[in-house]
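Protein chains in written order, with this note's numbering: chain X, 8 to 363; chain S, 8 to 363; chain U, 8 to 363.
Keep in mind that the hints were calculated from the coordinates and are not lab data. Since the structure is predicted, the reported quantities are computational estimates derived from the model, not experimental observations. Where hints are given, some of them may not hold.
Each pair may be met inside one copy or between any two copies, as identical chains are not told apart.
Said to hold, decoys possible - In silico DSBU-like cross-links for lysine-lysine, where the CA-CA straight-line distance does not exceed 30 Å:
no., residue 1, residue 2
1, K299, K153
2, K58, K307
3, K196, K58
4, K30, K58
5, K299, K58
6, K228, K153
7, K58, K17
8, K299, K215
9, K30, K153
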Amino acid sequence: MVGAPDVFFKRHEPDTYGNAHPKELLRQITEDVDYLLPLANQHIMSADQFKRETLLQLFRLAAKFEANPSRFSTPLQGKILISAFYEPSTRTRLSFESAWHRLGGDIMSITDRATTGIAKGESLADVGEMFNNYGDCVVLRDINEKSPFEMMDSLRIPIINAGNGLDEHPTQALSDIYTIFKWRPSLVKRRRANQPRLKVGIIGVPDKMRTVRSLLKLMIKFPDVFNDITLIHDGSTKDIYGPRLTEQIDEAGITVRESHNLEAVVGDLDIVYINAIAWIKDSYESYGKSFKLDTSTPLKNSAIIMHPLARGEELSTDLDETHHNWYFAQARGAVFLRMALLTCLVQRTGRVMDVV
Amino acid sequence: MVGAPDVFFKRHEPDTYGNAHPKELLRQITEDVDYLLPLANQHIMSADQFKRETLLQLFRLAAKFEANPSRFSTPLQGKILISAFYEPSTRTRLSFESAWHRLGGDIMSITDRATTGIAKGESLADVGEMFNNYGDCVVLRDINEKSPFEMMDSLRIPIINAGNGLDEHPTQALSDIYTIFKWRPSLVKRRRANQPRLKVGIIGVPDKMRTVRSLLKLMIKFPDVFNDITLIHDGSTKDIYGPRLTEQIDEAGITVRESHNLEAVVGDLDIVYINAIAWIKDSYESYGKSFKLDTSTPLKNSAIIMHPLARGEELSTDLDETHHNWYFAQARGAVFLRMALLTCLVQRTGRVMDVV
Amino acid sequence: MVGAPDVFFKRHEPDTYGNAHPKELLRQITEDVDYLLPLANQHIMSADQFKRETLLQLFRLAAKFEANPSRFSTPLQGKILISAFYEPSTRTRLSFESAWHRLGGDIMSITDRATTGIAKGESLADVGEMFNNYGDCVVLRDINEKSPFEMMDSLRIPIINAGNGLDEHPTQALSDIYTIFKWRPSLVKRRRANQPRLKVGIIGVPDKMRTVRSLLKLMIKFPDVFNDITLIHDGSTKDIYGPRLTEQIDEAGITVRESHNLEAVVGDLDIVYINAIAWIKDSYESYGKSFKLDTSTPLKNSAIIMHPLARGEELSTDLDETHHNWYFAQARGAVFLRMALLTCLVQRTGRVMDVV
Chain X
8 MVGAPDVFFK RHEPDTYGNA HPKELLRQIT EDVDYLLPLA NQHIMSADQF
58 KRETLLQLFR LAAKFEANPS RFSTPLQGKI LISAFYEPST RTRLSFESAW
108 HRLGGDIMSI TDRATTGIAK GESLADVGEM FNNYGDCVVL RDINEKSPFE
158 MMDSLRIPII NAGNGLDEHP TQALSDIYTI FKWRPSLVKR RRANQPRLKV
208 GIIGVPDKMR TVRSLLKLMI KFPDVFNDIT LIHDGSTKDI YGPRLTEQID
258 EAGITVRESH NLEAVVGDLD IVYINAIAWI KDSYESYGKS FKLDTSTPLK
308 NSAIIMHPLA RGEELSTDLD ETHHNWYFAQ ARGAVFLRMA LLTCLVQRTG
358 RVMDVV
Chain S
8 MVGAPDVFFK RHEPDTYGNA HPKELLRQIT EDVDYLLPLA NQHIMSADQF
58 KRETLLQLFR LAAKFEANPS RFSTPLQGKI LISAFYEPST RTRLSFESAW
108 HRLGGDIMSI TDRATTGIAK GESLADVGEM FNNYGDCVVL RDINEKSPFE
158 MMDSLRIPII NAGNGLDEHP TQALSDIYTI FKWRPSLVKR RRANQPRLKV
208 GIIGVPDKMR TVRSLLKLMI KFPDVFNDIT LIHDGSTKDI YGPRLTEQID
258 EAGITVRESH NLEAVVGDLD IVYINAIAWI KDSYESYGKS FKLDTSTPLK
308 NSAIIMHPLA RGEELSTDLD ETHHNWYFAQ ARGAVFLRMA LLTCLVQRTG
358 RVMDVV
Chain U
8 MVGAPDVFFK RHEPDTYGNA HPKELLRQIT EDVDYLLPLA NQHIMSADQF
58 KRETLLQLFR LAAKFEANPS RFSTPLQGKI LISAFYEPST RTRLSFESAW
108 HRLGGDIMSI TDRATTGIAK GESLADVGEM FNNYGDCVVL RDINEKSPFE
158 MMDSLRIPII NAGNGLDEHP TQALSDIYTI FKWRPSLVKR RRANQPRLKV
208 GIIGVPDKMR TVRSLLKLMI KFPDVFNDIT LIHDGSTKDI YGPRLTEQID
258 EAGITVRESH NLEAVVGDLD IVYINAIAWI KDSYESYGKS FKLDTSTPLK
308 NSAIIMHPLA RGEELSTDLD ETHHNWYFAQ ARGAVFLRMA LLTCLVQRTG
358 RVMDVV
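Could you put the whole structure together from the sequences, leaning on the hints where they help?
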């Protein structure tokens, strides 16, 4: 290194990360632990399995954690998390592990499929039976879509699907809807038909991106909020929805439009959700070559951008310092959302509720 | 995922995992901490080094932990475990790490030989000297039989051999005998010659399977209990016992029979121990092609099956729901046995004994 | 294993590791927390950034920890360390992790570059922004010299450079100077010109060895102590100092001699610092073929040998049992030095000072 660098830094955070937003969300939702108790013996496999009221209580609990992070440091004391990332990840793994540590729990990590019994030919059902003896909760990510299901049947502790092939990534979707409600807390009140529609644009293809898939499955549980959705894609995929999702969207009474031209539609959007990278087995294809957000994009003035990250060229760093940037707040909020969900799964809700 | 899965699960455990068995074992052995104190400055290298009375006290302490798991959450507070698995493992590593976490200790893991100083040519003696500064206990597994011995000489903290090549795996054997005594607590009382013999069958070859090797070495310390052993193998190995084990067995006054025909002998056995996979360097050979346990095997009605797991085709999943299945209880008990041993090694016995 | 091994060991430590030395250092420096407070919002990138008085207070705090290790077990409670070793390491990683655990903190480890977002093309600036949400401090080692700088700009939590390519390894240098002052506590008092010079020999090349580079940068902050330095090398590197270091040495008023003949100069040296291994990208070259320390080396009777370890042939194990061996004490002290630095970085100084 040549010359002394400027090594000083500030702990101060941009306003978006402050606690004004979670506090307002906290006020908008009344606490009701009854809707959280059913989470105590469920595996978290799909965005489909959540009821609207349970979702609101999860968001409220996440907001409670985010509004006052240092207050809750012991709810998971004595609990052990098995963090099994057979498909590599830093972001999601550290998000879960940070959430668990923040609440006072202990962690055992598996980060390399090659070092596991699976490499020796052991069945995932036997792996699940083993995990019963070692921990209190499992988080699993694998490139194989069936893995969490194969493990599920022998588990007597909860498992969270942290991404199974191209299928789903439910906790990412929970974090994303949480972020939207933090941005506009009034959305949690059932909206009347004459209120202005929230225009959502999603750049991506559900059948190829588990994040988008899970997100849509959650959005349709709030048809009064998310009733104007445009999917923006390059038209190269025939069936962009994948199994059953079209029926689910229809049943919710929502019309999802499609567009191949980002520039044509972006100026109307309140929320621009971009997720340009799709993992295909052990490599990735970059979807975003023709769709890119930067300072020349004609965004609505009040529009927010969301991205589950990691990002590539599809989301310009020039947007980071603008008020459109809600993707960093999205990552921050994800830790608190996971804290809320994990607390409920391992039956420690009683340690964090105001009224039990 | 197509269609909502059934995501609900039960935390209830089968009766074998209940605390009736450890509680009865607890009653059969009188606590005596004097036999545990010598463990405070020993490395755990071989099943040979344990005295019968020390073993009984370890089993009693393990049973104490298993009878009331939530009672002991702090004995290892402030202690650091160095979990060094140079040979890949998930099962044994998580078993040790879970044990250490359950007792309130902290852990540092090494799971990839390639990232260690050894890859740079550092001697294991120097690695041991380094570990002295960083932790309070080492657990080591390596494909090289000499590794724990090379590390031992410079260590001033205890090391547990968690598997060294084909040589030994002492804590697995401790867990296995613990399981047998949980199953039949009356066995801990010295048995008279006229009492019915416990017939044990071991499917495997000591010279090629460290688990079987260590198991036999422990069994011969209870010659009044384990005096009717049959080794069942395919005859392809010339010297099935390996160095010195034959003399040890003779000195204990035990006759070990051999058989090449599982069907012919299995109907008499009270305990059927199967361990069909042998690790040879970085690959494994499947020993069990001609020896398999399934629902057609003519097991004695009261017989129990044990397997250190992971299992392959040699042990059918159809047996899992039968009362013969003591291999899952075996895995569960192993955590508590390791909790007992680790507590003694790092001089925290005083925090768990009734009388010190 | 044939025959029972001698498995007993002693916890007793050689006198060099006792607490007599840190206690004397503690007495020689008066506590003054004001010099530690500026560390609360600095990244630790280079040895250049430390003031002399801050160094002395860090050494005092390290000595306080080393003199009574069990006294301070909770200062980092609730704090999370992100231990990111993109370049493999066991020694430095475990040293940091042990330090953090000893003080009661929690850790998340990244030990394989291939499993990170960087493998997916994510920028280090984005990785830093992610880390802000997950932990309270980052330790980073990478073969790429620019990595900590690229991460630094987006970080709102402190980062410690644990080795960036060939550039620097500041905490190793801090530990090394700490070791020297533990050995001779009187050196911390400003020395007058007529006092005997401490003769230091460094076997190595600053431009190729980050440890040596950082060490020299710290030594020149004590020109009254380190004013007689000889660099011993084989002459194969043209510019042995690298960027700017020559000017820094001149500005401090120190003359550094060079020698190609270890035998010729070693008999005068009080401190012999050897560091013979240089990492070049993913392989290493062994520098030490022509420079070796063993029992035939004509060392001054009172000379001490230092080596950051891991060692190879350049430092004979025959020297381990001699009083010249201060390299093991050096490794031991490094944990306490890191405890001191980490405590200051995450603003927990108040929990360990006598007077705040």
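Going through the hints against the structure:
In this homomeric assembly, K299 and K153 come within 30 Å of each other (Cα to Cα) only across copies, at 28 Å, whereas the closest approach inside a single copy is 33 Å. Taking identical chains as interchangeable, the C-alpha atoms of K58 and K307 are never at most 30 Å apart, the minima being 32 Å within one chain and 50 Å between chains. Taking the closest pair of Cα atoms, K196 and K58 come within 30 Å of each other only inside a single copy of the chain (15 Å); across copies the shortest separation is 57 Å, beyond that limit. In this homomeric assembly, K30 and K58 come within 30 Å of each other (Cα to Cα) only inside a single copy, at 23 Å, whereas the closest approach across copies is 43 Å.
Taking the closest pair of Cα atoms, K299 and K58 never come within 30 Å of each other, the shortest separation being 34 Å inside a single copy and 47 Å across copies. In this assembly of identical chains, K228 and K153 lie within 30 Å of each other by CA distance solely inside one copy; the values are 25 Å within and 46 Å between copies. In the homo-oligomer, the alpha carbons of K58 and K17 lie at most 30 Å apart only across protomers (20 Å), although the nearest pairing inside one protomer, at 41 Å, exceeds that limit. Only within a single protomer do K299 and K215 lie at most 30 Å apart by alpha-carbon distance; the minimum there is 18 Å, versus 43 Å between protomers.
With identical chains, the CA atoms of K30 and K153 are never at most 30 Å apart, being 39 Å at best within one copy and 40 Å at best between copies.
The structure shown violates the earlier hints numbered 2, 5 and 9.
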